[in-house]
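Engineer: Take a look at the letters that make up each chain.
Number of protein chains: 2
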Amino acid sequence: MQEHHYVAIMAGGVGSRFWPASRESRPKQFLDITESGRSLLQQTVARVSDIVPLGNILIVSNAKYKNQILEQLPLLDESQLLLEPSRNNTAPCVAYTALHLQAKNENAVFAMLPADHIIQKENVFASCMIRAFNYAGQHDAIVTLGIEPTRPDTGYGYIHYDQIDRGESVHKVHSFREKPDMVTAQKYIDQGGYLWNAGIFVWSVNTILNAFSSSAPDITDVLTADAAKFGTLAEQDYINDVYPNTRDISVDFAILEPAQNVFTIPADIGWSDLGTWNSLYSYLDKDQHDNVVQAGAQQLIDMRGNLIRTSSSDKLVVAKGLQDYIIIDDGDVLLIYPREEEQDIKALRKGLKQEHYK
Amino acid sequence: MQEHHYVAIMAGGVGSRFWPASRESRPKQFLDITESGRSLLQQTVARVSDIVPLGNILIVSNAKYKNQILEQLPLLDESQLLLEPSRNNTAPCVAYTALHLQAKNENAVFAMLPADHIIQKENVFASCMIRAFNYAGQHDAIVTLGIEPTRPDTGYGYIHYDQIDRGESVHKVHSFREKPDMVTAQKYIDQGGYLWNAGIFVWSVNTILNAFSSSAPDITDVLTADAAKFGTLAEQDYINDVYPNTRDISVDFAILEPAQNVFTIPADIGWSDLGTWNSLYSYLDKDQHDNVVQAGAQQLIDMRGNLIRTSSSDKLVVAKGLQDYIIIDDGDVLLIYPREEEQDIKALRKGLKQEHYK
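Read top to bottom, the protein sequences are chains S and Z.
Going left to right, the first sequence walks through residues 1 to 358 as our numbering numbers them.
Going left to right, the second sequence walks through residues 359 to 716 as our numbering numbers them.
The hints are simulated quantities; they were obtained by calculation from the structure and are not laboratory data.
Hints are not guaranteed to be accurate.
[Stated by the list, open to error] Label-pair ranges, simulated between beta-carbon atoms:
(1) S:Gln120 - Z:Asp648: 18 to 28 Å
(2) Z:Lys424 - S:Ser282: 47 to 57 Å
(3) Z:Lys424 - S:Asp32: 46 to 56 Å
(4) S:Ser175 - Z:Asp648: 52 to 62 Å
(5) S:Ser313 - Z:Lys424: 31 to 41 Å
(6) Z:Gln701 - S:Glu35: 28 to 38 Å
(7) Z:Ile659 - S:Ser282: 19 to 29 Å
Quick reminder that beta carbons are idealized off the backbone N, C-alpha and C, glycines included.
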C-alpha cells in the first residue's frame with residue numbers, strides 16, 4: 001500500500017428511491033440494507049482498507065451525518081471526515097477533496113467512490129484499483145473503473161471506450177454517454193465497447209485540479225478564495241463559508257465529459273449500485289416462491305415475488321395473496337407498493353407534507 | 359338508581375379474532391378499537407354508570423389483567439375487581455360473581471354483560487336495563503336483552519321468544535338457538551319471533567344460584583366448599599384454590615338452555631359485538647373509496663374497501679392497489695390479509711410458534 005494513495009468515500013446522498021428505509025436523517029449508506037451485519041458505508045470502508053492505509057481513507061459527507069459516521073466507523077479519526085455544509089452535487093465535493101489532499105500531500109493520488117454500492121468480488125476490485133492507482137500515479141490521467149454490462153440497463157450512464165489495451169488493462173475512453181433509452185442501450189450491448197459508469201474514479205491531485213482549471217474553474221475559484229486555509233484548523237469554518245457558493249453540478253458533467261485524458265479499466269467486480277428496491281430484490285436470495293424477506297418472523301400464504309423488510313428485527317409479518325409487492329415497515333412509515341411501480345416512490349416521498357417522514 | 363342493583367362486566371376474554379391488535383397481554387376490551395378516545399371497557403363502565411352506582415360495578419376478569427384494569431379505571435376500588443385465576447368460560451364466572459354478591463347483599467339483583475361490545479343508543483340501553491332490573495327484582499326470572507336482527511347473521515346465537523308482552527316489554531323465551539346455518543338464519547328472520555343473544559343477562563342472586571343448583575350444581579359445589587370465605591379478606595386466596603377446578607362451560611349451555619324461567623326484552627340499542635375486523639369495518643365511517651383508516655397519516659392510491667389500522671398514532675401508511683384488505687400494524691406484528699378470509703386469523707394466531715406474538 002502506497003502512503004500517497006488515498007480513497008475518498010462519498011457518503012452524503014439521500015438514497016430517496018430506498019424510502020422509507022432510507023431517510024433524510026439516516027440515508028441508505030448507513031443502513032445494513034443487505035442484512036450482512038454491516039452498513040453499506042462500513043462495507044465500503046472495509047473494502048478499500050485492503051487498498052490504502054486506514055488513515056488514508058476520507059469520508060466526504062454532509063455535516064449533518066458527522067455523528068452517524070463517527071459511530072459507524074470508530075477506527076477513523078474525526079480529521080478523516082470532510083464535512084460539506086450544503087448539498088452541491090459531486091463536482092464541488094471532488095474539488096474540495098482534491099484541495100484538502102493537496103494541502104496534505106501534493107503528490108497524492110486518490111480515488112473517489114460512492115459509499116452505497118455493492119461489490120461482490122472484493123479481490124478483483126482491489127487489483128483493478130491498484131492498477132488504476134498505478135496508472136493515475138504515472139500519467140496525467142483520469143482513470144475510471146467500467147463495469148461490463150450484463151443487460152441493456154437504461155438506469156446507468158455508459159462509457160464508450162477504445163478496446164486497444166494501453167497496458168495494465170487500461171483503455172482510452174472515447175466518451176461518456178448519459179442514461180440511454182432501451183433501443184440505444186441494446187445497441188451498446190450489441191456493438192460492444194461500452195461499459196457502465198459506476199462512479200469510481202482515480203486521479204492525482206494535479207490531474208484533477210488541472211481538469212477543474214480547464215473545465216469548471218468557477219468551482220475551484222470559489223473554493224480557493226483563501227487557499228491557505230486548507231490543511232489548517234480553520235479549514236472547516238472556511239469551507240462552511242465558501243462551499244455553499246459553488247455550482248451544483250455532477251463531476252460527470254463538469255469534468256469527465258469535457259476531459260480528453262480519461263481512461264477506463266474494465267472491471268468484472270460483481271457490482272451493483274443498489275439504486276432501487278428492485279435492484280435489492282434482484283441481489284438478494286429468494287425463497288421458493290420468489291419472496292425476499294428481511295423480518296423477524298414470517299407467515300406468508302399465497303405470496304409470490306414480494307420484497308418484505310421490517311426495520312425491527314423481531315417483527316412478525318403475516319400476509320396473504322400479494323404478488324410482486326414491496327412491503328417496507330420502517331418505524332413511523334409503512335409502505336405497501338407494487339414492485340413494478342417503484343419509480344413512483346421518489347416523487348411520493350418528495351410530495352409528503354410532513355418533513356419528519358422523509 | 360337502586361342500591362341493590364349491580365353490574366358485573368366480564369373483561370377476561372382474549373378477542374383473538376382481533377389479532378394482532380388484540381393480544382393475550384392486552385386484549386380487545388382494553389383497546390380504543392373504535393378510536394373514540396376510550397377503551398371498550400371504559401366505554402362499558404361509563405355506559406352502566408348511568409344505571410347503577412359506580413360502587414356497584416364489578417369487573418370480572420383474569421388476574422393477569424388486574425393492573426391494566428386499575429390503570430384504565432382509576433375511579434374503581436380494587437375491591438370491585440373479581441379476579442379469576444384461570445379461564446373457565448362464563449358459567450363459573452357467573453357463579454363466582456353471584457356468590458360474591460350474595461355475601462355482600464343477599465337481595466342483590468345483578469347484570470352480567472361483556473366489556474367489549476358497542477352500544478350506540480345508550481339511553482335506550484339504560485331504559486331497557488332498568489326494566490330488566492325491575493322485572494328480575496320482582497320475579498324469579500332470568501332476563502336477557504335480545505337484539506332485533508337486521509340480517510340473517512350466522513355468527514350469533516338466537517333467542518326464540520313468545521311475542522305476547524308480559525308487561526314492561528318483557529317476553530317469555532321459548533328457547534335459545536346456537537349459531538345457525540344461513541338457511542336457518544334466513545328462516546328465523548322471515549318467521550319473526552327471533553332475537554340475537556347479546557350475552558346481556560339480569561337476575562337476582564337467588565334466581566341464578568337456584569339455576570346453578572338445578573342445572574350445574576357441580577360448579578357451585580366446587581365454589582362453595584368453604585362458602586364462609588366469600589365476603590372476607592380470604593376470598594381471593596380461596597378463589598385461587600377452588601376456581602380452577604370448576605367445569606369449563608358457557609353460561610348459555612350450562613344455565614340458559616335448560617332454564618324454564620328465561621325472559622327477554624327486545625332492545626333496539628345499536629348493538630354490535632365488534633367480534634371481528636369486518637364488524638369493525640362495518641361499524642366505522644369510510645372514505646370515498648370505502649377505506650377505513652386508523653393511522654397517523656395516509657397516502658392511498660387505488661385502494662378500495664380496506665381496513666387500515668396502525669397502533670402508533672403517528673404512523674404514515676403509503677399503499678397502492680389493494681382491494682378489500684385488512685392491514686394492521688401493531689408493534690411487533692404486521693398483518694396484511696384479505697378481508698373475506700378473516701376467519702383464518704384466529705387459527706393463524708393460535709398456530710404461531712412464538713408465544714410473544716400472540
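Engineer: Each hint needs a verdict: does it hold in this structure or not?
Structural biologist: Hint by hint, here is what the structure shows:
{"no.": "1", "hint": "S:Gln120 - Z:Asp648: 18 to 28 Å", "verdict": "47 Å, violated"}
{"no.": "2", "hint": "Z:Lys424 - S:Ser282: 47 to 57 Å", "verdict": "53 Å, holds"}
{"no.": "3", "hint": "Z:Lys424 - S:Asp32: 46 to 56 Å", "verdict": "42 Å, violated"}
{"no.": "4", "hint": "S:Ser175 - Z:Asp648: 52 to 62 Å", "verdict": "55 Å, holds"}
{"no.": "5", "hint": "S:Ser313 - Z:Lys424: 31 to 41 Å", "verdict": "32 Å, holds"}
{"no.": "6", "hint": "Z:Gln701 - S:Glu35: 28 to 38 Å", "verdict": "35 Å, holds"}
{"no.": "7", "hint": "Z:Ile659 - S:Ser282: 19 to 29 Å", "verdict": "24 Å, holds"}
This entry does not satisfy hints 1, 3, going by the numbered hints stated previously.
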